[in-house]
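Okay, here's what each chain looks like letter by letter:
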Amino acid sequence: MTGHIARLALTAPAALLLASLCTPAQAQGTLRIAMTASDVPTTTGAPDNGFEGLRFLGYPAYEGLTLWDLTRADKLAEIRPGLAESWEQDENDKSKWIFHLRRSVRFHDGSDFNADAVIWNLDRYFKPDAPQADPTGGAFARARDPWIVGYRKIDDYTVEIDNPRPISYFPGALAYLFFSSPAQFQKTGSWTEFAKSPSGTGPFKITEFQPRVSATLSRNDAYWDKTRVPKVDRIVLIPMPEATTRLAALRSGQVDWIEVPPPDAVPSLKAAGFEIVTNSYPHVWPWVLNFAKSDAPFSDVRVRRALNYCTNREGLVTLLNGLAEPAAGVYHKTDPYFGHPKEQYTYDPAKAKALLQEAGYGPDKPVAAKVMISTSGSGQMLPLPMNEYLQQTLKECNFDISFEVVDWGTMLVAMRNPPTGPQSRGVDAVNISLAHGTEFSRFTTFFLSSTFPPNGFNWANWKNPEFDALVDQIEKSSDPEEIASDIRRAHEVIVDDAAWLFIVHDLNPRAMTKRVKGFVSAQSWFQDLTRVYME
Amino acid sequence: MRAPGTLAYLLLGTLAMARFIFLRLLHTVLILFGVSIVAFSLIHLIPGNPLDILLPPEAPKEVVERLKVEFGFDKPLYVQYLGWLGRVVSGNLGTSVFTGLRVTGELLNALGNTFMLAVPAALLGFSLGTMLGTLAAFNHGRALDKVFSIITILGLSMPHYWLGIALVVVFAVIWPVLPAAGMGGTGGFPTSWEELRCLILPVVTLSMIPMGVIGRLVRSTVLEVISQEFPTALEAKGLRRRRIVFHVLKNAAPPALAIMGLQLGYLVGGSILVETVFNWPGSGQFMNLAIFRRDIPVLQGTVVVLASFFVLINLMVDVMQALIDPRMRR
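Same order as they appear, the protein sequences are chains Z and E. Start counting the first sequence at 27; every next residue gets the next number (this note's numbering). Start counting the second sequence at 1264; every next residue gets the next number (this note's numbering).
No lab work stands behind these hints, which were simulated from the structure alone. Treat the hints loosely; a few may be bogus.
[Stated by the list, open to error] Part of the chain Z face toward chain E, derived, beta carbon under 8 Å: (1) G76; (2) E268; (3) T270; (4) A274; (5) Q280; (6) N443; (7) Q449; (8) P480; (9) G482.
Ideal Cβ positions, reconstructed from N, Cα and C, are used throughout, including at glycine.
Bound conformation, chain E alone:
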């Protein structure tokens, strides 16, 4: 055992971290491979092909079949899959059957729109959740604990779409101060207050579940940490309350970080329901559209990219946890 602070100790620690990251990245590749096969198989289990949906109802089978050949959908499934995989490895996610546009560009666009909601919603949800959870725990058993617990439970249990519709009814219809839907312009990053205010209702709606989840988790973790002996010892040593809270929160952070990672993954994946209610052209709506159209290239590309995000976010969380708690590196 090397003494902490020595070069050898630091080197060993860095090596352990590098090995940890490498193994997790290896897992990521395997996970993505599995995800792509599952997504490809599932979409082919549903009757109907993109061209069946694209063409008008009166298009006879012969016309549909001819177009299927032109698009290569007549080939065996494994040939279609391998062809797709080959293109993805070379960085090409293909083109949409419906729009003829490149999936990469369209997906980046949709992801950009989702990020515009996900990042502020995560910041809002995580901060509110942490604040309410911590305050509830430090006021355990008092009225404040009950009030904050009710707020977090409400955030957790209220259906997204219901809250979204309710907010629209109140703030866009009854008291028309905010837009009901859309991005306010032709899409892209908000450049004016007109466009910025379109973010308010969907961001608030989206932040409710993370707020609830994190609030509940932080409350119970902080309570657990407080019940340990070290906060009392710190208090006995005469440490200021602020420092004690810091130490308690540091010890409560790893589980909260793990859940924040998962929640951020969900948010970046785009909420189909919230994006539908607010007509927000993000990744959730993009994927929903691809499912109903059976737009295989779009669906495949989206699933793989979103799964990558999810896995990468979790990897980052694991790394952060390992940085905070060296025991995690083993």
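Okay, chain Z solo, but in the shape it has when bound:
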């Protein structure tokens, strides 16, 4: 045995030397991306794994009636026509929407996309007894598009979708609802089998899927929009939840692109010649404050404003090596919907202390508050060091902050139940990143008084009659100028009332090799992969 070991010991360095002669195999025109997801998101057209799932296994392969314009880095991504060429509200009943479908669109399996396919997919999501019913996909659809109460085919290329009331922003919410091929489903027989050979209408086809290992997207040469036929042959998507592993994979040349490099690795990545791509996008990292507790310290607007004035956002940005921007509201300051709130939250400890004094707090009587924070989670950035930094800086203004540290799942359960419930463990705030888009539909679910849990996601129980009235106006209006003006006003109300502690906006960082060309970092959670190519 010892002789064998000795031989092994002698041959090991030789094997290593031989290995050094090998270079990683790379096909021409193949882009390899390491995602932060812990598994390959569902491939059926109803991706899980949050917005990252939509980003990589959603939009590249599937499409909605409406889509995002992801071509510009200098302005927010807006809603554009997708599988529907145009849409309008029924003149006689504005709760009904008429969608005119794009002709000559085919699924990856060659079957036609038409009104029958739309109705079949809506049945998949909203009709539990349909043969193609997809309980999980249906739950995603009901969460993101809760306003669909009916639908019907008008002709082969026209469908009607009904809402419970006139909702002007409804078409935006349809960008989250994808259409899969009915013919392919008939062929495969179940969603589990469909996942293995999926078929959508997008610019990429999902050609290989290995759970937990990888998914391969291949160029769809027959894509209906000839201006968006992908330049790259293939994209290999690899789930790599561990940040250090992603970093090593990029640096060793195993992948060409990683999502969310760790902030402390950015200087060394830049020094080693990698590109760090960032851009603003609709993201906010706040503390959502509890208004429902009988002894809630944050029920006093002076305390809430003091909290916002005592937050050293620039310091936090430095801590994150510049991978974030200070937040003075839910929307970014450059966002057209930011408006002109009276309260402009900068770091002003003196003002914060004065406000607290006015509210009856001081060094002898600090504001004691407990905040629920998670160890990780979708869009949560680096919750532990960031919150510890806030805890230290807020102490200077007489805030005595303690933490209830939970895992992501526990936090989600708390957020879906009333803030006074046992799930919330008596906390005064929750640090949760909420994904609002540029379209208004998601915004309403965080702030409307009709969306207190369990009916929605306004965990804070924040209620403001002016905000509710503005949303009512926005829903009924069909004048884009009027809608934009009301959204701005609604945001001003939220900021001036300090409904949340607005902390930072994430900068959507990703690192890539210099071989990756043509990528435009859209101001969105989603990105257009069709224009990327490998040099």
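Given the coordinates of chain Z, work out where chain E should sit on it, guided by the hints.
Frame of chain Z, contents of chain E only:
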């Protein structure tokens, strides 16, 4: 007492062995039953259900609750447990809440990936450990003993994940000769050198603890055996040194085998840390994912199958020990 070598003696020995194996198998069933109850209870103690995690944050409670009913998670816990047990007895581990795929297939796949690391890591760790431990013991008190002891202690005490990251930094980043992570292809048994070289760093990392444990144990056991009278007697009888070493090792084998069994069980269970560092889609990563997702069918199935492996490996070790040392059969 029957004379050794007679048919009756052999028959009695075989019967004792069969009884021993039967009783141990009976224990195994009870252990697995207990393990499944503990795993089921523990996962339900953590707040959150698979569907709470699966659905996006903005999914209101009503939508989550409706889906819970569709998946049967609204039923009392004992009903859910008994339903699961019934399916397992009929050979069906259920389907994942997240992927809709059958747990059996997914688990076999993950176990296959873990075996690809565990078997070479065990071979490497056990051989190195035995070699270093034996050499250290036979050179007791000399410089070689100290060097080999330092190596085994290092293997034992170095954290897996740290060593893994350090190896990646050296061999994948600074001197990029080996892949940093993954299996090099789309998974499955390595069929090319490209895929084979993905095994090197995780196998070396994984082999360090078994090497250390076995090295330390073999050293102390061999020292203990050497201090007995029989090696001296053998030497006095003029037996060649090689034969003496063989007899010493044979006497030192039972405790080492027991620990090898435990170590092999740990390796087959999959190291969550090593599989995370190397993004290796094995059983450790599979279970880790199931814990964070609260994917109860996957977690339950994995725990029971891994526990079965663990128990079966230990059973095999016990049988081997009993074969080597007849006193163990009693």
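Structure-inconsistent hints, enumerated in ascending order: Result: no hint breaks.
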